[in-house]
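K.L.:
Sequence lines, in order, name chains H and G.
Here the first sequence stands for residues 1 to 340, where the numbers follow this note's numbering.
Here the second sequence stands for residues 1 to 312, where the numbers follow this note's numbering.
Hints listed in this document are in silico derivations from the structure and should not be mistaken for laboratory results.
Some hints here could point you the wrong way.
Pairs of lysine to aspartate or glutamate, EDC-like flavour, derived with a Cα cap of 16 Å [claimed, not checked]:
(1) H:K260 with G:D146
(2) H:K42 with G:D67
(3) H:K260 with G:D67
(4) H:K294 with H:E278
(5) H:K256 with G:E144
(6) H:K301 with H:D281
(7) H:K229 with G:E252
(8) H:K42 with G:D146
(9) H:K323 with H:D333
(10) H:K256 with G:D146
The model shown is predicted, which means the values in this text are computed figures rather than measured ones.
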Amino acid sequence: MKIHKPLLIALTLLGAVTLRAEVELLNVSYDPTRELYSEYNKAFTTYWKGKTGEEISISDSHDGSGKQSRAIQDGAPADVATLALAYDIDAIYEKGGVNAAGAHLIPKDWQSRLPHNSSPYTSTIVFLVRKGNPKNIKDWADLTRDDVSVITPNPKTGGGARWNYLAAWGYALKKFGNDEAKAKDFVSRLYANVPVLDSGARGSTITFTERGIGDVFISWENEAYLALKEFGPEKFEIVVPSVSILAEPPVTVVDKVVDKRGTRKVAEAYLQYLYSDEGQDIAGRNYYRPRDGKAVAKYAKTFSKVNLFTIDEVFGGWQKAQKTHFADGGVFDKIYLARK
Amino acid sequence: MSGLVTTRAPSAHRRETQVGESLLVRVLLIGVALLFLAIFLVAPIATVFGSAFSKGVGPYWAALVADETLDAIKLTLLTAGISVPLNVVFGVAAAWLISKYDFWGKSVLITVVDLPFSVSPVISGLIFVLLFGAHGWFGPWLSEHDIKIIFAVPGIVMATTFVTFPLVARELIAVMQAQGNDEEEAALTLGASGFAILWRITLPKVRWGLIYGVILCNARAMGEFGAVSVVSGHVRGLTNTLPLQVEILYNEYNFVGAFAVASLLSALALVTLCVKKVAEWSVSNRQAKREASQRALSVPVRPATSLEGVSP
């Protein structure tokens, strides 16, 4: 009898962990959205209870956007994916495989299902520097100086990291009159100044703020503001470059998962509510740029005016940018291998 | 007689000449050793507890009883609660087989048992993703039958079991081989069944080694990061074990929380060390007693007493 007791306890515990009665939703998201979604999840749970009387519990998971996309392709049971860039969701369609009936995890036209290319909020890329800006960093060109050490995550795994890279590339194209070779040289010199490539944006934030490595951190605007809030404006300041990229982090339901779990209705409502006044307000409060309604005016003063270009204008969309720059053997690989 | 008196010179002086090193060298060597200990052992542990309590006991306690941390504790206990017993059963069986029997391929088996130690934990995790992930060998079948392994609790348990696989077995093989088969052979000639020999002779003989192995296995099971990180999916409150929770809290600027959870794991390590010390002490004590009694008597008395000492 003695032998069976631990087994019994283990099985009971297993039951307790796996059998939760209420409806559960899993949001697989990218790295810096932890605070955003922890606030939004509470708001949506309350809203949904008031509207339908249904108790739901929402879990979220955060890591580099590319890594999270990979996890969904490998079968992580995400009801919704809220990632850093459209290509990572395209990859769920492309590489997520098909079932016996020929259905993909999500349809090819997923991005047209919600307003604004399925991006309920936007952001951009700015610089975070140490207080007083001791290295006098003003614009992208300063990041290629020999005396400047730059922190940015790995574009192969992180979403923000890819926006960073493309923002630098876009600046260089503009500066050198669309000369691709000169742009590549510029970005190569920038990455030669990077001592560590973390896998996601939050890892880089910690490297820059806590570990004190680097003179400038190329960062999501929201992540930079959050660092100011967490560590105090007496330690860091934000520098806005002359031009930057309009970053549109998209969202989607993962059709195959919600249909199997019967959570489509609540998952769709979860994403639609991001566009509501409350959803937009929460985005603004967490330093994401709202797109609709009252929140736009309310948070207009928070964000500096930045000269923004879009990925479609400069790179012809994510598919093209991904293939040229971030695929295996692409421009980034060449730059990084050649940097020594 | 006079010669004897001269050898009993002032004792302090005598000790010094026996050591044969100058005072400076001794101070230097001991100093280096202590400094090393302070930097690599004392300082980190002090930092963990210092940071954990940096805002006082209240925030420390609040961090430990936060919902997600409690969920992580539950999952960690569950994982260890399944993988440790599995490894005990396997470890005893493997050690029994390897140390009591001779057969073809025995050395291969010993190597295979050690395999999880020689691969990186990240690889151990990836193995399971490749086997059970959506594109893995069993992925399509599992998803058809709605069985979740990767990014869920079973995957975490499997990865942990794999990584901690050799701990019990290795410990027992060493102890069993050192102790020899004399008592078991005696029992066999007296007509004991295999199970009776295992239950009444072998297990009592190796019980301290077994406890030691279980403790090590448990510590590793609760502390494993790499392999679990790969298969977990990092869903808060569902698939985060304590080590993963430490990383998450740290990345969310919740340094008190991160170090509070880390202090739990450090405390676990300290408890492990204490139990290990007791186990080692018991083993060496027993061995010393046994050797003394064997030297004193030509007839070994141990088997009889150890048989009576065990209640089924």
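K.L.:
All hints are to be evaluated individually against the structure, with a verdict given for each.
P.N.:
Outcome of the hint check:
1. With a C-alpha separation of about 9 Å, the suggested pairing of H:K260 with G:D146 holds against the 16 Å cut-off.
2. Taking the CA atoms of H:K42 and G:D67, the gap is about 14 Å. The hint holds against a cut of 16 Å.
3. With a C-alpha separation of about 28 Å, the suggested pairing of H:K260 with G:D67 is violated against the 16 Å cut-off.
4. Among the hinted pairs, H:K294 with H:E278 is consistent with the structure: their alpha-carbon atoms are about 10 Å apart, no more than 16 Å.
5. A threshold of 16 Å between alpha carbons decides the hint, and for H:K256 with G:E144 the separation of about 12 Å falls inside it, so the pair holds.
6. Under the criterion of a C-alpha separation no larger than 16 Å, the hint pairing H:K301 with H:D281 is consistent with the structure, at around 14 Å.
7. For the suggested pair H:K229 and G:E252, the alpha carbons sit about 12 Å apart, so the restraint of at most 16 Å is met.
8. This hinted pair does not check out: H:K42 and G:D146 have alpha carbons roughly 29 Å apart, beyond 16 Å.
9. Taking the CA atoms of H:K323 and H:D333, the gap is near 12 Å; set against the 16 Å cutoff, the hint holds.
10. At roughly 12 Å between alpha-carbon atoms, H:K256 and G:D146 fall within 16 Å of each other, so this suggested pair holds.
Going through the hint list in order, the structure does not satisfy hints 3, 8.
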